[in-house]
Amino acid sequence: MARAVIVILAVALILGGLFFALRPDTQAGGPRDRTYDVSVENGEMNPAEISVDEGDRVTLRVSSDTPMELHLHGYNLEQVVEPGEKADLQFTADITGRFEIEDHESEAELGVLQVRPR
Amino acid sequence: MRRVAAVAPLLNLTLVYTSPALAHGFGPTYDIPIPLWLYLYGAAAAVVLAFLPLALFSRRERGAAYRYPRFDLLRVRLLRTLLTSRFLTGTLRLLSVGLFVLVVVAGLVGLQTGFNIAPTFVWVIWWVGFSLFTAFVGNLWPIVNPWAVIFEWAEALARRLGFRDGLELGEAYPRGFGIWPAVGLYLAFVWVENVFSGSYVPRYIAFFVLAYSLITLYGMAYFGKETWLRRGEAFSVYFGLLGRFAPTEVRVEAPSVCAGCEGCEPGGCVNCYECFRRAAPEERELNLRPPAVGLGLQEKALPGGAAFVIVVLAGVTFDGLLETPLWLEVLRLTPVTQTLGVVLLPLLFFGIYLGFVWLSRALGGGGGEGFLRFAAAYAFSLVPIAIAYQVAHYYTYLLIQGQMIISLVSDPFGWGWDLFGTAGFDPRYGLVGAGFVWYSQVGLIVVGHVIAVYLAHEISLRLLRDPRRALRSQIPMLVLMVLYTITSLWILAQPIVE
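In order, the protein sequences belong to chains A and B.
Start counting the first sequence at 1; every next residue gets the next number (the working numbering).
Start counting the second sequence at 1001; every next residue gets the next number (the working numbering).
Chain A with its partners taken away, still in its complex shape:
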């Protein structure tokens, strides 16, 4: 019985210690301003995957070859984009997770926004 207790305590210590040893320190520095140039050509978004950290102030500078409306899920934001001009979609990344970016009209998936937790 005593042996079982010792084993369990030892395992708890090992697992606990390992957790704190491996876990990285939280992001040094606070939320950042990030701007991305996003272009939509032939139904494809470039870059297709955008990753930011929680709390960042994000600006997507979108240009497109055809008139379209961009829709960002989760945040439920839309941005009309006309060919030839760049439209800015601005928001604060306060919800973490993985969110689809789609063409509102055709419902085609263009890309993805990932907001990593701090």
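Since the hints were made in silico from the structure, they are not lab data.
Every residue, glycine too, gets a C-beta built ideally from N, C-alpha and C.
Hints may be right or wrong, so weigh each one.
To be verified - One-sided excerpt, in silico: chain B residues whose CB lies under 10 angstroms from chain A:
{"hint": "1", "residue": "D1031"}
{"hint": "2", "residue": "G1114"}
{"hint": "3", "residue": "D1426"}
{"hint": "4", "residue": "Y1429"}
{"hint": "5", "residue": "V1437"}
{"hint": "6", "residue": "W1438"}
Given chain A, put chain B in place with the hints provided.
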């Protein structure tokens, strides 16, 4: 923005036919891959915890029977009235058939490219939601299985019309078939869920449901309802497997009732709904029990029994594997296709599994039970890891995509109705933060792993009885579990390819 929210998860059909690696059968993934450090931690924890029982349980009485604490809910009068109420079961059955018909009708005549209840109900509510309910509450499928209910109603009608033998032809079920028909049908389902690019198209869902209905109803008529449900109906077998994990069971403590019952296992009539229905009220028990202990009960080793479990495990892993960059490389560099993968992965799992079973038996001294019995018994011990992975992988999907059902019940066919006033409901994201999701996913898988390790320990004791040999015999199984757990964690850590 009802239309947007509704249609959002649907991938554009043109994208469907051009992209080789498809995301989830239906709807995007909402989770971010787990970070490397957390993956390594989970892997290390899996290794450490796997060998914990070896350090803890070194002595056990010989031949102690497999027991677990249980509490009979039927002893509480309020619960007994509630749980055995025929009104309740009747309502559930009616509801089940109603939803079944709704899904088929919506699939056939409803809007095909947008708001339609069929895909969300089938893939989110039933496949994910009901599965989790079965695993964590109890197996209701024998009561609500729409095919069983329809067959029973048809039979009752036939009897009333004068067909004394009902609808069953009563052909003998060939013993060698075992549950292989269920294995085959389940494999076909895995293909539809993971590979078939039209799995979320309402019309195709309706077609598959109708096709499966034909097969099932015919099987029930030809071989007998209970026989087919137990041997050939893929979902009855599947939910039965999840029901072994569940914290509830039905039990009959009356040998006279169970004599000659095909479904009852040696050593106790647990979760045999046939016997439960036949038994008198005082002979019935509806027990609360610790989760997963049902997986340690002795099983009648049917042909295809272990294979079914392995196919379920492989299917769960395949679902996750399809979104990994590794799989994309495999598709690119080898002649393997997605469809081929549906068959190859279970075969690979089966081969590896049998190898480890052989090692297990060899280390245990080679005596004791036969190889097939070992294989059948140990397969169950891996189930908690698969269930943990399913929950980890799908719970945000259920939470977010599942909210769609609120708007869909008001407009099931996409015709612009608003029956309950909820048609404009938008799913709320951000209910759980990504950080919480990470920790809960790893936590769930590690807990599933620990449960699996415990089961392997109990099962090896049942198979070998001698504690020392049982301890040695567990080691290959523990290694296998560590590998399976680390693979599951690895999948969660992979960048998502859509």
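Hint check results:
1. D1031: holds (6 angstroms)
2. G1114: holds (8 angstroms)
3. D1426: Result: holds, 7 angstroms to nearest chain A Cβ.
4. Y1429: holds (4 angstroms)
5. V1437: Hint holds; V1437 of chain B Cβ to chain A Cβ min 8 angstroms, cut 10 angstroms.
6. W1438: holds (8 angstroms)
The structure meets every hint from the earlier list without exception.
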